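Chemist: Chains A and B are the protein sequences, given in the same order.
The first sequence begins at 1 in the UniProt record's numbering and counts up by one.
The second sequence begins at 1 in the UniProt record's numbering and counts up by one.
It is worth saying that the hints were derived from the structure and are not from the lab.
Warning: the hint list may mix true and false statements.
Now the stretches of chain A that chain B is said to cover, found in silico as 3 or more residues with beta-carbon under 8 Å [unchecked claim]:
#	stretch
1	28 to 39
2	98 to 112
3	125 to 138
4	243 to 251
These numbers were taken from a predicted model, which means no experiment stands behind them.
Here a beta-carbon is modelled for each residue, glycine too, at the ideal position from N, C-alpha and C.
Each chain, written out:
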Amino acid sequence: MRAGGLQTARAGVLTTVQDLGRAGYAHLGVPRSGALDAGAHRLANRLLGNPETAATLETTLTGCAVRALRPTVAAVTGAPCPVRVDGRPAAWGQPVHVPAGAVLDVGAATHGVRSYLAFDGGVDADPVLGSRATDLLSGLGPAPLREGGVLGLGAPPAHRPAGCCDAAAWTAPPRELLLPVVLGPRHDWFTSGGLRTLLTCGYRVSAASNRIGLRLEGPALERAGEGELASEGMPLGAVQVPPEGRPVIFLADHPTTGGYPVVGVVPAEALDVAAQAPPGTPVRFTPAGA
Amino acid sequence: MAGERGASPEGRAGRGQARAAVLPVGRDGLLVELGTAEETEALHAELLRRRALGTLPPVAEIVPGARTVLLDGFPSADAARALAAELPGWNVPPLTGSAAGALEIPVRYDGPDLADVAALWGVAEDEVPRIHAAATFRVAFCGFAPGFGYLTGLDERYHVPRRADPRTRVPAGAVGLAGPYTGVYPRSSPGGWQLIGTAPETVLWDADRTPAALLTPGTRVRFVPLESDEAQPGPRRAGPGPAPGRRP
Numbered sequence: 001m002r003a004g005g006l007q008t009a010r011a012g013v014l015t016t017v018q019d020l021g022r023a024g025y026a027h028l029g030v031p032r033s034g035a036l037d038a039g040a041h042r043l044a045n046r047l048l049g050n051p052e053t054a055a056t057l058e059t060t061l062t063g064c065a066v067r068a069l070r071p072t073v074a075a076v077t078g079a080p081c082p083v084r085v086d087g088r089p090a091a092w093g094q095p096v097h098v099p100a101g102a103v104l105d106v107g108a109a110t111h112g113v114r115s116y117l118a119f120d121g122g123v124d125a126d127p128v129l130g131s132r133a134t135d136l137l138s139g140l141g142p143a144p145l146r147e148g149g150v151l152g153l154g155a156p157p158a159h160r161p162a163g164c165c166d167a168a169a170w171t172a173p174p175r176e177l178l179l180p181v182v183l184g185p186r187h188d189w190f191t192s193g194g195l196r197t198l199l200t201c202g203y204r205v206s207a208a209s210n211r212i213g214l215r216l217e218g219p220a221l222e223r224a225g226e227g228e229l230a231s232e233g234m235p236l237g238a239v240q241v242p243p244e245g246r247p248v249i250f251l252a253d254h255p256t257t258g259g260y261p262v263v264g265v266v267p268a269e270a271l272d273v274a275a276q277a278p279p280g281t282p283v284r285f286t287p288a289g290a
Numbered sequence: 001m002a003g004e005r006g007a008s009p010e011g012r013a014g015r016g017q018a019r020a021a022v023l024p025v026g027r028d029g030l031l032v033e034l035g036t037a038e039e040t041e042a043l044h045a046e047l048l049r050r051r052a053l054g055t056l057p058p059v060a061e062i063v064p065g066a067r068t069v070l071l072d073g074f075p076s077a078d079a080a081r082a083l084a085a086e087l088p089g090w091n092v093p094p095l096t097g098s099a100a101g102a103l104e105i106p107v108r109y110d111g112p113d114l115a116d117v118a119a120l121w122g123v124a125e126d127e128v129p130r131i132h133a134a135a136t137f138r139v140a141f142c143g144f145a146p147g148f149g150y151l152t153g154l155d156e157r158y159h160v161p162r163r164a165d166p167r168t169r170v171p172a173g174a175v176g177l178a179g180p181y182t183g184v185y186p187r188s189s190p191g192g193w194q195l196i197g198t199a200p201e202t203v204l205w206d207a208d209r210t211p212a213a214l215l216t217p218g219t220r221v222r223f224v225p226l227e228s229d230e231a232q233p234g235p236r237r238a239g240p241g242p243a244p245g246r247r248p
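For reference, chain B alone in the conformation it holds in the complex (with noise of 0.2 Å):
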């Protein structure tokens, strides 16, 4: 399919470079394709850093998605078309792996999943909660409901499908994966995703906090496994209430 779209960004440029396509969107907006995901999050990244500097044209979203990221509502026609002509001369810095500063997620995992995940991994199951903590993971974009993040970094011979049977009622704050996502339920909701655990101490999602949204687009994220005797309720350590989520 993609060969045929036109929109393959194989050898469009060297190292460093956005190897995008930029495809209209509308009268105002623009479709940024990139050839991976690191190089969707790294061109993401280089142009909130341009917005912050204020030399990016003035545009009213800036929405990542897996392999894109669109660029919608510029104050003109023009505006898009001439940001469309220089995007893919930009020198793209990669993105940095590190670890530091990540957000810290404590969960416990209890899924309901968490068999079937270890059998699609093909581990025991008191292995899945390892192999999970010890990933970083990325916010590669939101979507789905007002602070759900697709978070990436889970080695691709752990990606799984959806369930074949998606779930009515999925609670707040359970943890899913699929394909190469893992993903924290905001609140509840139909879902069907493979829940591996329960992020009971974590919100994610206040409308009257700033910012309302834990997980942001470009946020890194670390799961922390939480002992079973550690999930009651109240606070996990001592220290003024639970906290929203915890930096070290």
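Chain A with its partners taken away, still in its complex shape (with noise of 0.2 Å):
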């Protein structure tokens, strides 16, 4: 099945393969990686009746297009796009015929960030660690797609439910992004001034903000005092505040380990919207219930 399954037409900005990612390997600072958002990703599986840990293709902003080697069905999430195949206009959220030698083409998000495309089968590579996901901070798992190279597909799932269809149901994404955090562990390396900051004061994601963290433009925080974090494990959704002050969401593919204080943790069911902010979207924290 490996031979003869998707050639890349278009490649996008950043296309890359992503599941539910390797979690379990930080000790060896190894990232967890998968999809930034993992609703979207398992959604679209859900909608061809793959597991939920099928690989699917995560775009960023600019979609991509594939050019199908074998008949194939897939089904688009994520941020709402154009979907199209063969340029005739197709389903965004449903099953999609694609006959061998179409390309279906993904386009430019409308709302949002990153779009998932699963195909029957999943797309299939080496897994890494028992994950196919494209960690771009350590480069484990297949390379970014590039246009002309050619991914495999799995076996479509012998059994698929009879109607297994969900109902792709899409909110807009929120015109500002509110995210909840619960404070610590590092809380204590800031003034009770910086903290206040932190929770009142408005900031935007910067277009610096990548698979590795969601970078944030606005006011710094201010330290409580000098000093130098002696190395630690960071989780998922860590709130980590380098030296200049203005705060960092570490998303999927974030370092294991770092020195800057995390003054607090974005619970992970947030981070999927996180994931769907453009570059200047108005972002608050807020505190996080228990």
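Using the hints, build the complex out of the two chains.
Modeler: What follows is the structure, encoded as structure tokens:
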């Protein structure tokens, strides 16, 4: 099945293979990686009757186009975008038949950042530590798509559940990203004024954001003192504050250890929507309930 | 800084007990902070022991740091809280310092910063390999890149600062020093460590190997000087090809 799955006709600015990532190896310096909008990735697979662990393609702002080298069924979720098969409009958020030789074109996101393309049987690639995810921090997993490159497709599920289609409900992304944050473990590295800044001042998503972190523009957090933090483990969603004082929210490809204090942690369930916030989106932090 | 962070472990408990401050991390994680690298390594070993025995609540990641162990991804906030309450009372056996069974990494001591390191140490250049290879190291934690271990074991008087001007490219296998740590670059990358040598025979990371990382937290390591005429390509001694690392 590997030969002759998909050929990249247009790679877009950044399109990677993603699945649910390789959690459990942080102690070896291996980021978890995986789809940034895990909910959209899972939905795309469910629409096709794939297991949620099947690999999808994750686009960035400009979409991508792939030629099917054999007939397949695809589903596009995540950031809404125009979907075309050989130029003809096709459905977003529903199974779409792609005949052999046809090009599935996923256009630029009309809202959000990242669209997910699932295929019958999933994208195939050599798994690394049990995952096919592209990890851009450490270079594990398949390379980002490039024009002319060929990706394999897995065998379609033998028993597709009847009427397996979810309704692909989609809520427009909020005009302002409201992120719950659990303070700590290093909030005491900041003055009370610094913490007030975090919880009351507005930020904006920086264009320097990527799969490693959502970088923010806005007021710096005031530190309670000088000093360097000894390297320590960094969780997903960590709000790390480098010396210049502007918070970075760690996403799936984040480093596993780091030496800047983590003022708080954004719970994982809030990160899907964070990954869909384009540069310029206003951001506010709010204390998370327990 | 330590005093005002409220996390100082001084005088919390007697010897043998985990003098640990436990800080919540998000809803389902904990960061355990200890007073010294030795206590951190001992607690990490104890956590792995309890996990192997099945007496630790399930947790997705156990990530040691320099003075901390991150426990991330408990099944519930309650499970994290319960362990946070219990852990400071643990009796944690101290580490034994035995070098028996240490992994040996052959090193050609020819790094571009050898002279700088010798000057910082106040010794002749040819003393650096002798001093470095005499120590027994332990992987305190990993990070920076898959398979990159931060190795402790060098006496404090041999700790050196990072280079003021980091290199944009450090070759794979380079052996470097920074602060209390020795590290071996698993692959070519930028880096600011003082490079004292090269480990030409050792594959630090191989995703197709189990385990993929040669150096995992807790692994004991010794560096073995290679003679310059032994550093030619090919197996160092008769045997089936270059091994990823050798145990005596």
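Chemist: At least three residues with a C-beta closer than 8 Å to a C-beta of chain B: is that true for the stretch 98 to 112 of chain A?
Modeler: violated (count 0)
Chemist: Between the stretch 125 to 138 of chain A and chain B, are there enough contacts, at least three residues with CB-CB distance under 8 Å, for the coverage claim to hold?
Modeler: holds (count 3)
Chemist: Quick check: do three or more residues in the stretch 28 to 39 of chain A have a beta carbon closer than 8 Å to a beta carbon of chain B?
Modeler: holds (count 3)
Chemist: So is the stretch 243 to 251 of chain A in contact with chain B by the C-beta rule, three or more residues under 8 Å, or is the coverage claim wrong?
Modeler: Violated: only 0 residues of the stretch 243 to 251 of chain A have a Cβ under 8 Å from chain B.
Of the numbered hints given earlier, the model fails hints 2 and 4; all others are met.
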